[in-house]
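> My request is simple: use the sequences and hints to build the entire structure.
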Amino acid sequence: MSPFKGQTGIKRIFNAGGYSLDGLRAAFTGEAAFRQLVLLNAILIPLSFFLNVSRVERALLIAVCLLALIVELLNSAVEAAIDRISLDRHPLSKNAKDMGSAAQFVALTMITLVWAVILI
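Here the sequence shown stands for residues 1 to 120, numbered as in full-length UniProt numbering.
In case anyone wonders, no lab produced these hints; they're calculated from the structure.
Keep in mind that this is a model prediction, so the values were computed, not measured.
Be aware that a few hints might be false.
[As the list claims (entries may be wrong)] Using 16 Å as the maximum straight-line C-alpha spacing, the simulated EDC-like pairs for lysine to aspartate or glutamate come out as follows:
| id | residue 1 | residue 2 |
| --- | --- | --- |
| 1 | Lys97 | Glu79 |
| 2 | Lys97 | Glu31 |
| 3 | Lys11 | Glu31 |
| 4 | Lys94 | Asp83 |
| 5 | Lys94 | Glu79 |
Following this line, the structure appears as structure tokens:
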């Protein structure tokens, strides 16, 4: 059992919130791709409120944007874990990093397709 799993109740919630903010801060300061996605979200999400779309369509436009941020956070976490294990080139490390990149490509494609389907 992990020694970090001992907190319960409200203290655990506060700790988890702090860890989440630390993760967002680390991603923003250390990952250019995350900063670029934050900028894209800062443009697209407010734009969705000016478009003549239904509430469900607006929710979809926003959700796909936020999903790309989630995918980037997970991709960055995988890359950091791989680099922590070893900086040596290894086919499995390459596969893991490439799959994370592919997941982000799919998320960005989904943004494009959802926005295009709703707006066109």
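> Each hint needs a verdict: does it hold in this structure or not?
Each hint tested on the structure:
no. : hint            : in the structure
1   : Lys97 <-> Glu79 : holds (6 Å)
2   : Lys97 <-> Glu31 : holds (14 Å)
3   : Lys11 <-> Glu31 : violated (29 Å)
4   : Lys94 <-> Asp83 : holds (11 Å)
5   : Lys94 <-> Glu79 : holds (10 Å)
Going down the numbered hints, you'll see the structure goes against just number 3.
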